[in-house]
Structure formats: C-alpha cells, structure tokens
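Asker: From first to last, the protein sequence lines stand for chains E and C. If you count by our numbering, then the first sequence holds residues 1103 to 1615, one letter each, in order. If you count by our numbering, then the second sequence holds residues 1348 to 1709, one letter each, in order.
Hints are supplied without guarantee of correctness; some may be wrong.
Claimed, not checked - On the chain C side, residues computed to face chain E include the following (Cβ under 8 Å):
| hint | residue |
| --- | --- |
| 1 | H1357 |
| 2 | R1361 |
| 3 | S1568 |
| 4 | K1569 |
| 5 | H1570 |
| 6 | E1579 |
| 7 | S1580 |
| 8 | N1582 |
| 9 | Y1586 |
| 10 | A1587 |
| 11 | G1588 |
| 12 | I1698 |
Simulated from the structure, these hints should not be mistaken for lab results. Where is the CB? At the ideal position from N, CA and C, for every residue including glycine.
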Amino acid sequence: MQDNCSIEMRNVSKTFGRIKANQDVSLKIYKGEILSLLGENGSGKTTLMNMLSGIYFPDEGQIFVNGKPASITSPKDALKQGIGMIHQHFKLVSVLSAAENVILGLDGSLMLDMKEVSRKITEICERYHFNVDPDKKVYDMSVSEKQTLEIIKVLYRDADVLILDEPTAVLTPQETERLFDVLREMRKDGKAIVIITHKLHEVMELADRVAVLRKGKFVGELMVKDTNPQEMTNMMVGRTVMLNIDRPEPVNPTERLNIQGLTVINEDGVKKLDNVSFTAMGGEILGIAGIAGSGQKELLEAVAGLQPIKSGSIIYTPENGESEDLVGKTPMQIKNAGVALAFVPEDRLGMGLVGGMGMTGNMMLRSWQKGKGMFVHRSDPTALAEEIKEKLEVMTPDINYPVRRLSGGNVQKVLVGREIATAPSVMMSAYAVRGLDINTSYTIYNLMTTQKMKGTAVIFVGEDLDVLLELCDRILVLYDGKVSGIVDGRTATKEQIGLMMTRFEGEGGEKNE
Amino acid sequence: MNKVHTPLFHLTKRTNLSRSGAWLIRLGSFLAAIIIGGLIFVLLGQNPFEAYQSIITGSLGKSVALRQTIKIAVPLLGTAIAIAPCFKMRFWNIGAEGQITAGAIGATFFALNFAGKIPSMPLLLSMGIAGALCGAFWALIPAVFKAKWGTNETLFTLMMNYIVIGFVRWLQGGPWEGKPGSQIIPNFNPDAVLPEVFRIHCGWIIVLALTIFMYVYMKYSKHGYEIAVVGESHNTAKYAGMNVAKITIRTMLLSGAICGLVGFMVASGANKTLYHNVADGVGFTAITVAWLAQLKPFVMIVISLLLAILDKGSGELQTRMGVPSSISDIITGVFLFCMLASEFFINYRIIFTKSHKKEAAK
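Looking at chain E on its own, in the form it has when it is part of the complex (with noise of 0.2 Å):
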C-alpha cells in the first residue's frame, strides 16, 4: 500500500484566532481511490483540504507527496505538485472562452498558441467524454458545463490528485450521475479523488472510503463497503442521530397565498419567471424543486416585496380578514399591512444577515423601527438573541460576536431562528439547508414541519430531491421560470421530478394557466 499513497498529512494542525480548525490530523489519501471526507459543518473539511491545495499553510505538521516531504505555498505551487481543487464556487472569468479560462494563470511563452490548448482540451473532453467547446464563453455555460470546466482546468495542468468540495450541490441528479461516471473512470486512471458532501447516499454510491472529522480531529475511517449511513452519521456528531423526517399529514390547509400568472423581468431584460400561478396553503410544506437558477429566487423575492413584478397577482389571505394583494408594495408596506412574513434567503450573509453585527444586531433587523423616538431599542433583541442562542444551540462566544464568523450551520439558526421568532403566517426558505451538515440540517427541517402544524404556510425551496419528497407535502417544479408541474411529496418519485426539472411539461401541473 506504501508506494501507492499519493498523498500523506502527518499531524497537521491550523488554528485560527482562538479556533483550532485542525488539531493533530494524520490522513492518508490513495491512487485509484476515491475517498470521501465527512463531518459536520466546522468540522475542518475544507480548512484540511485547503492546506492541500495551498491556501493555507498548515501550523504545524508536515506533508507527503509521493512519499517525499513537500511545502504547498501557493495553490498554482499545489498544482505544480500535482495537486487541483475544485471549489464549491467556481473561480472562473464569465467574459473569456473555455480555453483561456484554462489556460489562464499558466507560465508559458510570449505567444500563445490557442490551436494547441484546443488541441489539448479536446483530447481531455475525449478521454472523459466530458462535451465542452473550447471557443464558448463561460458565461453561455450552465453551472454543470462551469463545473465541467473547472475540472478540465486541473487535468489540464496533469493534476493527479482532485479535491471536490460539494460537487454535487448544484447539480440536478442526472448531471451529477455524469459527473459520478466521471470521477470513476478518473479512478481507474489511477488519480486520487478526494470528495466532500454531505449527502451519505452519495458516498455509498460513488467513495471506496470514507475518512471522518470531527472538531478538526481526525475520529476515524471506515471502508465503503463495511458500512452504512446511519454509522456514519453517529461517527460524525458523536452519537446516534435519527436520520428520518416526520411527515405529519396537513393539518386544516387554507389558503393563504394565491399567485396568479405571475411574471418577473430582471434588470438585464430576462424573463426569470414567466407566467407562474399555484397555491400555498397554511399548514403545509409546498417544496420548490428545480435547477439552480431556474426561478426560485425571484419567485420568492417577488412575494417578499423585493423583486419589482411585470406582472401577475399575489394574493394573501389571513387566517381571519381580507383578501390583499401584494404586488408593487415594498416589503416594508408588506409588513406595515400586517402580513407576516418570514423570508429566509439564499444569501445568508448578503441578505438575511448583517455580517458584521452580533446576533443581538441581526435580531435588530427585524424590529429596528419598532418604538417611538429616534433611538433603537435593544433590550428585546438581546432577550431574543439570548432565547434563540439557547433553544437552537448556535456556537458563539458572545451574542454581540460577528455572525459572519460563526460557521455556516450556526450562521443558519441565528437567520432561522429570527424569522420563526416572527410568527409568520408565510415561511419562505430557499436552500436553507446548502451547506450544512446533517446535524443541523434535521434540526431546520423540524423547525419548518414545527411551523407547518402551527398552520404557517411553508414554502421550502431544495436542491436535495431526496429531502425534498420526504418534507413536503407538494412539490412544485420550476423550469427555466416556468411552472412544469406540482407533483404530491408522497407519491412522486425521484426520477419524475429530475425530469420536470430539465424539461418544460406544460400541461402536468395542476391551476397552470
């Protein structure tokens, strides 16, 4: 096994401030393996991976590549080594062509022969069956082409060790079957493949490996084969996890938002949403299911008053008053009409949240114009911080400590934690579980099945189809900003919804008209 290993981190440590990341991390990592890294969000995943790939420079500690030790300064230093990382965000320029993006930071000679970058390109895309065209421009690409070419970026540069950090969160399921094609046929070339993810089906499918953290201690490795989700997961937290999602039926389901023929332009002048009508009944979850940017922003923006609206109705019934119509208020008069409404955005910290404030300002958000006089009142949203710092477990030293340093699990539970604090009558979340281990994750779909018996009208936006059919009680499939169907959570199946979401099915949702 010794002349295989690729890759060997010997009692790596970093700290950061007063946070140990990694502490003492020993790990190995294969040729012809995949090997899957687990645990829960700041567990040091990312933070282990990036002393690989040459972003941080380890504290303590030495590496090992190809058995000889190594110093990764830089990340084009990793790479020189053999080493690529393939980030969660992509890190490519929108305005160049496939080919100069990789080519793009390579030392090579004054002129630049672009026939021969095709030539090469073209050979990877064949070896893999990977189908890019050099010449298009990064930004006519789909998020799975982007990938795609990040990808071919590091084998480009004859990386043979790949890291993949969450992969697989933006892709829909038959793009990321591809993508699982890929990664073995790169195994059988004999590279190292490291994955992150949190989704355990994955790893079953796909890892021979899997090596788990846990307070960026390394706790141990398992072999594919030998194990399950479920020993996994306790291995991760700790302890034993229940991994099911109750699914109580509707409770009472009224109407409370009726959207009808609802369009949205962007300031670009593209349709986002185009003619979207359903119904979001109090007391039940309705998921939005779809590929990354196929509406689910806007559509949610639109009903919070933040996305001006070409036109179409939202109408909000109370549980007792009058019928009201949402479009053209500003999200303050939304409010000031007495609707409540909690809106968790994708961007956490650019929307939801004001990193640079504690919690007790981030509770402020919501009630800052609240009392007479010019001055802020800050007792209730101490009280408040404090509640939900307790109830929700969130990590923080202080409530007056910048959320924008908490991890991404506790960042979610404060913004979470604050819109349930409302009392709303509307929930919205769009992907509020990216990111975040499975710890947490249960935890925010319990607080939205909470709300839904409390007669709140859910509206949960996923990526995650797996969660998503065992949540919600409807589904509703955007594609390209248009409705291609709502599906019953109980009945539909995987592979229906995977297709809803690459193809428009006119007729199968039900009021589409």
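Assemble chain C onto chain E, guided by the hints.
Answerer: Just chain C now, kept in the frame of chain E:
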C-alpha cells in the same frame, strides 16, 4: 525531515487579541515611528532629540503654540466627524473639501451683507445655518445621482471640489472683491467673527459637541443602525424594509451640513475672511483621521490632535532648525505609515515556520 524548503513565515488572522494587546502593538508602532523618524534626522545631520524637542515645544510648549495647534485640530476633527457616517455607509465622500468651501461661501454671504445691520448673535447664527445648508446642498447633488442612477460617488464628490473652489476664485476677483484689483475678499466685520473661549475661537466647543452627537447618533439612533446595515449590504437593508436611496441622501445631507459648519468656523473663526484655499486639504486629511480612528468619534479627537501637533511642530522645525518643509512631510508620512501598519499587526499574526516543533502557546 526538515530538508524541504519551507517559507520563512506565513500570516494568520488574529481573532483573540485582547484590548491591551492591541494597544501594546499601537504603542510599539508609535515608538517605531519615532525611531525611524529619528534616523531620518540623523541622515540629515540633525540631532534627533533636539528635533523632536522642537516639534513638541513648537506645538505644545507655549500657550500661543498650543492654541495654534488646537486651531489646526478643530477643522480636522469636525470634518472627520462629518465624513464618518458616509464611510460607515461605504459611501466614499471625498468631497468634504468642497462641502467645507461651500459652507464657507454661505457663511461669508451673510458676513458681507448683513454685518452691522443685525446684531452679532443672530448674524453668527444665520452664518452657521447658511454654512450648513450650503454644505448640505453641495453634498446633496452627488448623493441624489448615486441614489437614483448609481453614479460613482468617489469621482463625483471629488470633481465637485474643483467646481466650488473655482467659484470662490471668481467671487474673489468679482462680486466680492474688496479693493479693486486685489483679488481678495475683505476681512469680516468683528460682529461676524466667532467669539473666543480660552482665547481660541469657540469652534472647538462646537466640534466637541458634534463629536458627542455623532457618537450617540451612530451608536444608539435608528438612523445609525440603518447606516450600519446599508454599509454592510444594500440587499440586507432592502430585505429589512429600509429605503436605501433615502438613507443615502439623508446621511450625505448630514455629512455635508457638518462640513459646511466647519467651513463657517474656519472662515469666521480662523481666517476671518474667505479665500479659495479655505479648506486647505482638511477634507482629505480628515479621511486619514477617520480611518485611523476606525470611525470612532472619540478616538478621532486624539488622532486629529496628533496630526495637528506634527503639522504645527514641523513648521517650527523648519524655522528653528532650518529643516526643509519637505522633511517635515516625510516625518508626518512615517508616523501615518507606522500607525496604519499597526492595524495590520493587530489583525494578523506572523508565524515563523518551525517544522515539527511545538509553537509557543499564544
């Protein structure tokens, strides 16, 4: 095992530095500035101890000198206070220079036209109000363009400076010219001059009051909260139901009004007249003051005094020791550089690479 080339050091972000630790670093960089500055004096063949002594005595030694130092600090502090809310909002108002000048024009209008006709108190009051209004108006123009059409406020506010300064040049040679051909606006009637308290024009009291006001405004008011949120993210502000355009315009109005007040104080208190260089670079130096103080109003008092001491002291250096004024600029630069560098060391820690050895616990 240690044969591989490892980098000599790398940087990590600090998060656990105590308050006293931060102040120790600041003190250290201040000492470093004194030492570097001393070396420069040595290179020039001057005795560094004497040089520093003349800076101190020249700026603080005699009560005359001290008063002049404070006179330099007053507009610096006032302007830093004025631009603080803009910078908190990430609205880069570098047009304080012009807003000060506009304020001075407004005040001068009343000083030239109403002196002797109305008593001193209401005259000064109307000068102050006119100054604030003119400053606010000059700030309003770029603010509206930014709020409505998203124009770049940095270039816009900067260009506004040159327009208003040119306008004063025209006034100097045109309608407000004193002796024909002099290109000078006559000195204000004593009624239009700010009274002195402790033999310094009472602008210092106004500026200190503004400092307290700004501290409370930024920290405890709803407006202050809105400004902080808009500065972090326009999307978050909209999400919370804030009207970003309104907040931008309102904050710039406040900022311009305070700049205008500073212009009134400088024209009426210090210069007793108006000329095109009334702002004298204060609008730019105040940016340094505001950033060094990390937009904290009370810290700005210290920073503006420090810069005033360097300014006044190095003038003394020039007259007493014959050190060219360019050298005093270099010394000021060294101090600013070291003060900014200290912020770097407060935020980052340098770790020298020691393979496989336990690092000293910190």
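Asker: Verify the interface restraint on C:R1361: the C-beta must sit less than 8 Å from at least one C-beta of chain E.
Answerer: holds, 6 Å
Asker: Against chain E, is C:K1569 within 8 Å by beta-carbon distance?
Answerer: Status holds, d = 5 Å.
Asker: Under 8 Å is the threshold here; is the Cβ of C:H1357 close enough to any Cβ of chain E for the hint to stand?
Answerer: C:H1357 check passes; min Cβ-Cβ to chain E is 5 Å, inside 8 Å.
Asker: Would the stated hint for C:H1570 survive a check requiring a Cβ distance to chain E of less than 8 Å?
Answerer: For C:H1570, the interface hint holds, since the closest Cβ of chain E sits about 7 Å away, which is under 8 Å.
Asker: Does the closest beta carbon of chain E sit nearer than 8 Å to the beta carbon of C:Y1586?
Answerer: holds, 5 Å
Asker: Interface hint check: C:N1582, Cβ to nearest Cβ on chain E, cutoff 8 Å. Holds or violated?
Answerer: holds, 4 Å
Asker: A closest beta-carbon separation below 8 Å is what the hint needs, so does C:S1580 meet it against chain E?
Answerer: Holds, about 5 Å.
Asker: C:S1568 was flagged as interface toward chain E. Is the shortest Cβ-Cβ separation under 8 Å?
Answerer: holds, 5 Å
Asker: C:A1587 was flagged as interface toward chain E. Is the shortest Cβ-Cβ separation under 8 Å?
Answerer: holds, 4 Å
Asker: For the restraint on C:G1588, tell me whether the closest CB of chain E is nearer than 8 Å.
Answerer: holds, 4 Å
Asker: With chain E as the partner, please determine if C:E1579 meets the hint condition of a C-beta pair closer than 8 Å.
Answerer: holds, 5 Å
Asker: Closer than 8 Å between Cβ atoms is the bar; does C:I1698 clear it against chain E? Give me holds or violated.
Answerer: holds, 6 Å
Hint compliance for this structure: no hint is broken.
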